[in-house]
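Taken in sequence, the protein lines are chains A and B.
Throughout the first sequence, residue numbering follows our numbering, covering 444 to 495 in sequence.
Throughout the second sequence, residue numbering follows our numbering, covering 77 to 261 in sequence.
Source of the hints: derived by calculation from the structure; they are not laboratory data.
Beta carbons: idealized from backbone N, C-alpha and C, even for Gly.
It is possible that part of the hints are untrue.
[What the hints assert, rightly or not] With the Cβ distance kept under 8 angstroms, some of the chain A side facing chain B (calculated, not the full set):
#1 444
#2 446
#3 447
#4 456
#5 457
#6 458
#7 460
#8 467
#9 468
#10 469
#11 475
#12 476
#13 479
#14 480
#15 483
#16 486
Residue strings, one per chain:
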Amino acid sequence: MEFSALFLAVTVVMLVAWWGSRTLALGLFGATLIAAVAIYLHHATDVLKLSF
Amino acid sequence: MSAALAVTLNALGLYAVAFVLVAAFAAQLILQELPCPLCLLQRIQFTMLAIGPILNVRFGPRPSHYAVSLLAAAAGAAFAMRQLRLHIMPGDPGYGSALLGYHYYTWAFIGFAVAIVAIAVMLLFDGQFKQADAAPPVPTSAFARAAVWLVIALTALNVASTLLECGFGPCADNPVVYEWLKRSP
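All chains should be modelled from the sequences, with the hints used to inform the complete structure.
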């Protein structure tokens, strides 16, 4: 679900970058990047089931 | 380098991102290998890499637009490196198939590294920024417009594909079936 939302957010940023305001596109890009890093950190802190 | 040449090179960059997204879809559909959560994050960073070139095509080249792509590439490289390190132990078969000897996350790391170098090279040419604020945006060619719409369409396709794969719940760590296509017992 979170990945679909991220892809949707990137699609919206692209549409704003192409049709809308440059400042808004840059702001939305920043918010989407922060969300992506937050999701990565959430997964990266999972306990790993390593075989060694 | 003129602004027009820089815009053309940015359009070529968009076609390169489109190629990566098509290759990822090909692996998913032909080899029936569903992307894992880390794989999806790397795919997302490839789409975010395209936002800088779209801004350059629309508004003309600016350093801030290249910075957008640099941030996306740096995050993507970090995500790919995380997956590389998960499978770095000798004897680990890795995740998914290998293509030309490297797994997808290794290719993704190489791709992000190449993007960082390419953006740094583009930033060397100050001539493209000379009239950034004074002049109207460079008129866009059909070649550049097609690149923009191709990348936007592929990103939108990823929304549908990820919804099919994960549904409205969390994505499986090692997905083997599309959640929305799974038949109930």
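Tested hints:
1. 444: With Cβ-Cβ at 5 angstroms, under 8 angstroms, it holds.
2. 446: holds, 4 angstroms
3. 447: holds, 4 angstroms
4. 456: holds, 6 angstroms
5. 457: This interface hint holds because 5 angstroms falls under the 8 angstroms limit.
6. 458: holds, 7 angstroms
7. 460: Cβ of residue 460(A) sits 5 angstroms from chain B, so the hint holds.
8. 467: With a minimum Cβ separation of about 11 angstroms from chain B (threshold 8 angstroms), the hint on residue 467(A) is violated.
9. 468: holds, 6 angstroms
10. 469: holds, 7 angstroms
11. 475: holds, 7 angstroms
12. 476: holds, 6 angstroms
13. 479: holds, 6 angstroms
14. 480: This interface hint holds because 6 angstroms falls under the 8 angstroms limit.
15. 483: holds, 6 angstroms
16. 486: holds, 6 angstroms
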